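Q: Per our numbering, the sequence shown starts with residue 1, numbered consecutively.
Hints may be right or wrong, so weigh each one.
[Claimed, not checked] Each pair of labels, with its calculated beta carbon distance range:
1. R114 - L10: 44 to 50 angstroms
2. D113 - R87: 51 to 57 angstroms
3. A43 - R114: 34 to 40 angstroms
4. Q8 - L75: 53 to 59 angstroms
5. R16 - Y57: 51 to 57 angstroms
6. P33 - L10: 29 to 35 angstroms
What the hints contain is simulated information worked out from the structure, not anything from laboratory work. These numbers were taken from a predicted model, which means no experiment stands behind them. All C-beta atoms in this analysis are idealised placements derived from N, C-alpha and C, irrespective of residue type, glycine included.
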Amino acid sequence: MPLSEHEQRLFEQIERSLAEDPKFASAVRATDPRFHAKRRMIAAAVLLLAGMALLVYGVAISIPLLGVGGFVVMLGALFFGVQAYRRGQSTDLHAVGGTATRRTRQRRAGLVDRLEERWRRRPEGDA
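Modelling step: build the complete structure from the supplied sequences, incorporating the hints.
A: Listed below in structure tokens is the structure:
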């Protein structure tokens, strides 16, 4: 149902006032999972570089334990970065100050769900 002309003007006025409000913009940015994911991915990249530096330095001065430590830091940074990327790609709804009541996309059926569905649809045979 389209909005009336008066409702459209009110809606545009509200939209302008919200766009100009710095507190509202920072509150929305603070709850955006993509904002936090980007920051975490940058931190993961810095940790990855630090791990590489430790690995190379440990090999260069012949301290294998330092090289192994650098490799572990690299693996941890990669894991942290992948998790941050996945959270940033999430399309779940987040309510400010609460929880979302629904998801924006349907959950994929897992293996167990598919097997249960097949079991329910199986033909009843004479056994």
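Q: It remains to establish, for every hint, whether it holds in the given structure.
A: Consistency of the hints with the structure:
1. R114 - L10: 44 to 50 angstroms: holds (49 angstroms)
2. D113 - R87: 51 to 57 angstroms: violated (23 angstroms)
3. A43 - R114: 34 to 40 angstroms: holds (38 angstroms)
4. Q8 - L75: 53 to 59 angstroms: The hinted range 53 to 59 angstroms holds for Q8 and L75, with Cβ atoms some 55 angstroms apart.
5. R16 - Y57: 51 to 57 angstroms: holds (55 angstroms)
6. P33 - L10: 29 to 35 angstroms: holds (31 angstroms)
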